[in-house]
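Student: Sequence:
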Amino acid sequence: AVAAAMRLGAFLSALRPALPLLLGLSLGCSLSLLRASWSHSAPEERCLAPGPAAPPARGAPPEAAEGRPGPGHEDFRPRIVPYYRDPNKPYKKVLRTRYIQTELGFHERLFVAVLTSKATLNTLAVAVNKTVAHHFPRLLYFTGLRSAKVPHGMVLVAHGDERPIWLMYETMNYIHQHFGSDYDWFYIMQDDTYAQAEQVKALVTHLSINQDVYLGRAEEFIGGDEQARYCHGGFGYLLSRSLLLKLHPHLDSCRNEILSVRPDEWLGRCIIDFLGITCVSQLQGQHYHTYELAKNTEPEKEEEEEFQAALAVHPVSDMTLMYRLHKQFSRIQLDRVYQEIQDLQMQIRNLTALTPAGEAGVTWPVGINAPFLPKSRFEVISWDYFTEQHLFSCPDGSPKCELSGASKADVSEIIESAVEQLNRRYQPLLRFSKRQLLNGYRRFDPTRGMEYTLDLLLEAATQKGHSHVLAKRVSLVRPLSKVEIIPMPYVTEATRVQLVLPLTVQDLDFVANFLDMFAMNTLDTHDNALLTLLFIYHPYDAQRVGQVDVFAGVKAMVGELEKRYAEVKIPWISVKTEVPSQVKLMDIVSKKHPVDTLFFLASVWTEINMEFLNRCRMNTISNWQVFFPVHFQEFNPALVYRGEQTASSNTDFLRDGHFDRHSFAEACFYNSDYMTARTKLAADILDREEVLESMEVFDVFLHYSGLHLFRAVEPGLVQKYTLRSCNPRLSEELYHRCVLSNLEGLASRSHLAMALFEQEQANST
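Residues in the sequence shown are numbered consecutively from 1, following the UniProt record's numbering.
Since the hints were made in silico from the structure, they are not lab data.
Predicted model, so just to flag it, every value in this text is computed and none were measured.
Watch out, some of these pointers could steer you wrong.
[Said to hold, decoys possible] Derived DSS-like pairs (lysine-lysine); straight-line CA-CA distance at most 27 Å:
no., residue 1, residue 2
1, K201, K149
2, K680, K592
3, K584, K130
4, K555, K584
5, K592, K555
Produce the entire structure from the sequences given, and follow the hints as far as they go.
Tutor: Written as structure tokens, this is what we have:
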């Protein structure tokens, strides 16, 4: 009995930690059974007295009365459409659209048309283009006759006739033909109208696209129907896509039957007569506010609520008035934004006080993400030290460099902002002025933006004229703003890539591996890629090419490839030079290919694969962007593994190496872009050909083209370790870069330390 009691006690002690779990499971099962019994009760049970059912509401379908969705709700129900293919019809491949929004039937939001004339094209139309055009997603200018030279940055459509009615008729036809199926809203305005672009865009986001909308400043017809209204063209008006589609078939009839002097009256009469829709100034709770400017108006002194709420202002008599209006409305909008920020910050403070953290949970600045908290010492974001003249964390790795360009402008702006914020806080009691920046620190926090800490030597002046010099530390944050998607031209993966491989005598040992990888990854897979070899002969080898050709073995390999792949031809170009300048070599290749050729400038250590070639095609855009990939360089296996077996796992192929940021040997660019940049370079250096020896193709695009230079790490370009030969005849910068690439490619710090440790251990024994 005692033994049984002891066993029972041991069992209960072992079961005690699991008792809460067992009780929770039992309680959960019981509640689920009770809920199941309630849910399976008869649905006919009502809490109403027995009697006839209440009749459905007027106009409601019977299905809705019974609790089922009516016919109008069928579009909101998910339906599975079974796939069926007629076996009697041949199979046809489905062609996908370029963009997903096209396939889904999405439309762009807003299209803007500005009516101008030959007389005002270079004045008022230019002012519109400089003030509000960049705020609209798409804006075109329409005129009857055009001048000899169109202002830069303006897309102009000329109809060939200055008659106002004809201009309106042709404009509506053009908009329907070219943009009717792409946009939901169409905003028509004149060049003597100032429109608040952001307010107009906000207006269309609050309107339903399912209605026929004719929205603007409603005006009465002269001697016409009192109920009918047209939208005044001087203040702009908004048309929906559905209205434009219904109106287009009647435009010819309107042109022949309706007589009017004003184009806005003509369009309004056309819409009323054939569609029965009149102009309205408010719709769906949204108001179209306008303001009519009087003569000699001072925009800076306008404080009326009607002026500040206006979406459109008319008439604008000259360019200067347009710019003054834009400045005033920008100031009004900025004040609204600042006030909204203050209100939001106050709400955040009030709500944070109710959280468990209390007021201590409020981060600075209020409303901005808290600083990044590293989980280990490897995640700590370092600070960069700077002064007003120098930066002590340089891109090239040097300990000190001159502060210039965007960095200098950034430091100057942040110091001015710090002094301005101090004066705003302490005025009128104190007035601060900067004497010197003692210390400056900055770092980029990816969760919030650029952070700054400044030690400023300031002179503080009181209202009585007394001054005192003091040092003060301030902290500032330049927060990350709204992320914008940069529109890029459309490219495909079907573009042919022309590989260019320069070869010297020192590269002969690696050519076989390059050709094998090229054949396996491009020729066997029928990838749309071609290869051109560039044999670089030393003058001594060029003289003996008749007796001994140093590239004879490579030419034999090329011949074997051409025999194996009958449809493939691999041409080569022979060049004699002591200094193989990348730019000079590219000049020779560029002249032998069409201007639309996509070049991939490769190195002999590059292992070509389809994945990278596709990225080369996608990241290189003609007249827009060039691509300079950063290849992955494997470390010296003798130092990394020290006789051990190398890692063969596919997941570790980027483990023992680094991305070589000192190498610019690989590049993807179009021949037309190179020729354009090379022409500018030739005009700059004139006959000083020796300058080309100190330049690479990257420098040509960087300094002599307005293209985007996209430089990014490329895991698809993996190079085996090899000690590259650095030509001392090249410029000092290129030679230094080559030496650094070799040194950093030896091994990581830990591997080098281990190698030194083992060497010291061996020497000591």
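Student: All the hints need checking, so say for each whether the structure fits it.
Tutor: Now the hints, each set against the structure:
1. Restraint check: the Cα-Cα separation between K201 and K149 comes to about 31 Å, which exceeds 27 Å; the hinted pair is violated.
2. A C-alpha spacing of about 20 Å is found between K680 and K592, which places the hinted pair at or below 27 Å, so the restraint holds.
3. Under the criterion of a C-alpha separation no larger than 27 Å, the hint pairing K584 with K130 is inconsistent with the structure, at around 42 Å.
4. Using a Cα cut-off of 27 Å, the hinted pair K555 and K584 holds, with the two alpha carbons roughly 23 Å apart.
5. At most 27 Å may separate the alpha-carbon atoms for a hinted pair to count; K592 and K555 meet this at roughly 20 Å.
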